[in-house]
Every structure is written in C-alpha cells, then in structure tokens.
Amino acid sequence: MTIEELYRDLHAHPELSFEETRTAAIAAVELRSAGFDVIEGIGITGVAGVLRNGDGPTVLLRADMDALPVTEDTGLAYASTVPGIMHACGHDVHVTCLIGAIRELATTRAEWVGTVVAVFQPAEEAGGGAQAMLDAGLYEKVPVPDVVLGQHVGPAPAGMLGAHSGAAFASADSIDITVRGRGGHGSRPETTIDPIVIAAAVVGRLQTIVSREIAAQDTSVVTVGRMSAGTKNNIIPETAELGLSIRAYSEEVRLRMIAAIERIVRAESAASGAPEPVVEFAESFPVTVNDGDATGRTMAAFRSAFGEEAVIDPGPVSGSEDVGLLATAAGAPLVYWILGGAHPEKYLAAANAGTIDRDIPSNHSPSFAPEIQPTLDRGVAALVTACREWLRS
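At position 47 of the sequence shown (counting the first as 1) the number is 47 in UniProt numbering, and the numbers step up by one without a gap.
Derived by calculation from the structure, the hints in this document are not laboratory data. Mixed in with the good hints there might be a few duds.
[To be verified] DMTMM-like mimics (lysine to aspartate or glutamate), calculated; alpha carbons at most 20 angstroms apart, straight line: (1) K141 / D37; (2) K346 / D357; (3) K346 / D359; (4) K232 / E190; (5) K346 / D73; (6) K141 / D55; (7) K141 / D291.
Using the sequences provided together with the hints, build the complete structure.
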C-alpha cells in the first residue's frame, strides 16, 4: 500500500482517544514488516517499535493517532465513514508520515548507525496519551532516547516546515465549573438564587483576566466554550455549568490564571448568596518547549535538505501538545515542528486578501483537509532527515 493509499484509508476510519485499535494494529503490522521489534498495548492502545542498527544515538520519532468527535464536511471521496468522528487535526497525516519514515529508515540501514524508536501514541486530544504510555513503562520497554522528534500538520503552505525554539506550543487546561443556586418557579425569582445570572456574571468577569490581570507581553487565552443550564423556560434551575479552556506559555502565568478563575467564580457566587461552586480540572497539557540547540541543529538540516525558503519560524503556537512529556521523562531535548498542509496557491491568495482565517480551514474544523501531496512526501522526508541528523552516518 502506498502512503497515499494508507492515508486515505486512515482518514476514512478515524478512532477516538484510547479507541485507536485499528490504527494501532496497522502501525504494528508496518513496524514488523520493516524489521522493528514491536510492543503493543502500551497505555491501552499505544504502539512502539525499536530498530537497532549498531552502537550509536537513540532517536524517538512520535506520531499521535486519535481523531475528534467532529462531523466531517470536506466532501472528500475518502471522507470519514464513522458518523460524528473525523481526523480534523491531521493525526492521520502524522501516522502516515511516520510509517513512510520507518519504511525508508529500514531500507537504508547501511547509511546510518544507532537506534530508532517509533512511537504511535494514543489520546493526544484527551491530553493523557503520552502520560499513559509513560505510566505503562514506555522507557522500560524501549531504549531511552537521546532526542525526541515529531511534527504536526497545520494550515501553512504544503511542504513548509518550521519550529520555534523555547515555548513552542501553549499549555492548556480544561476546567469544568458548576455554579450552584436554588431552583424554583420562573414567576417567583425572589424565592430562588438564579445560577444562570451568576454564570453570566462569571463569563463576563472572566474576560478581564487576560485584559486586566496578565501583562500585555504574556500571551494567554481564557475561553468559555460551553455553557448549559435549565430544562424549561419557566423553571429556574439548581445549577449552571461552564466549560473553560485556558492557555499560557509559562507556568507562572498559567497558575495566575487558574487562581483568578477560582477567585472570580467563588466571589460571584458569594455575592449572590449562593452555595460554594464546584471547580474541577479535566485534561491538562504542559507548555511544549523546544530545545534551542537541538531545534537549531534540526532546522539547519532541513534548510540543507529542502532549501532556505522551505523553512520558517512560525513563532509560538496557541495550540497544545503532550509530546513534551516524552522528552521530559527521558531527560532528552525535544524538537517538534509544523508541517504545512494547505494548498500553496490557495494559501497565498488568502494571505494576499487577508482572509486566511476564513478561507483556509484550521485544525479541528469539519472542513480541515490537508493536501495529500506534497504534504505526505515532505512529512516523510522531514522525519527521515531529522532522524538521520541525530544518528551516526
């Protein structure tokens, strides 16, 4: 199966976090076919392969496998066949490119020395996949790497590559808040404590955290992505629920934001004479930090292989990742780069018109559909080039 055929197959058969059994099975078959020693079921559905080729450095290449609960609206002939689920973040691209890379590395063993560890990680979208693999003893099952490498496809021109040294991807925390009140009849609000009114005040006040409590140079985001309450127009409910997502590029700013959120929610509840609210933390991603020296070395290899014009510094990305946990646990540098997947001419036209945000679908959009080529070939070549840069020739 060519990588194009493989990609179309993976795109058509997406699987949610920790349910990537079909994708993991494909990865395991490919690893064995390439001569890797294979370990399956690491962190539920995670797969790792090890290819030893003499004494030398150990390089870990990582791809995430999970899809999203999004209904696809791309019109592709190979669109998702699973209702309500699609590869809206390009993890099918990541898996395909890593499989292409292990095929090439396996057939060129005469040209490099060392050990390649290929990791197909579950549940990046849930924020728990990398940690689940580590908790399951990943580095007891595979050699501890000297460097961790990976890539993420995004809405940049297809074939472009770019990494930012230092804080490259933001931290992300999901926070679930339950505002508690006292329910009753809509005709007698004076007998109730209305949690909807409290929740509305909380939403408004939360917007002041970034604008009034965080320094202008410290980029951060507070988003209320979910708000729900009530069952009927004339019933004041007992509770209202808010779902928050926050992002920052330093732990100091992240903790300041969390403290402000908890303070605001409790203060607004107290101001209304309401019971204590419930604040719960769901998935959490740390800041993804690219090692400066390792990133410079890898980007130099990209410029040598693909030309100066193909390599950019995208700056800090507001999205989040858990790949950094694999590097931190190994005590190894991380290099994690962006792989462009947008149609180059369409991207240029949108850039010239100032309409990229409207005309180029971004990750998590139901219309997100990376160009198959040159995206796949460049993604394979980038992984191989970066890996070979760190292995002995």
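Hint check results:
1. Simply put, K141 and D37 have alpha-carbon atoms about 10 angstroms apart, close enough for the 20 angstroms limit, and the pair holds.
2. A threshold of 20 angstroms between alpha carbons decides the hint, and for K346 with D357 the separation of about 12 angstroms falls inside it, so the pair holds.
3. Using a Cα cut-off of 20 angstroms, the hinted pair K346 and D359 holds, with the two alpha carbons roughly 8 angstroms apart.
4. In summary, the hint linking K232 to E190 is supported, as the alpha carbons are separated by about 18 angstroms, within the 20 angstroms threshold.
5. Our distance criterion of 20 angstroms between C-alpha atoms is met by K346 and D73, whose separation comes to about 18 angstroms.
6. Distance hint between K141 and D55 is fulfilled; the C-alpha atoms sit about 18 angstroms from each other, no more than 20 angstroms.
7. Restraint check for K141 and D291: the C-alpha separation of about 25 angstroms exceeds 20 angstroms, so the hint is violated.
In summary, the one numbered hint that this structure violates is 7.
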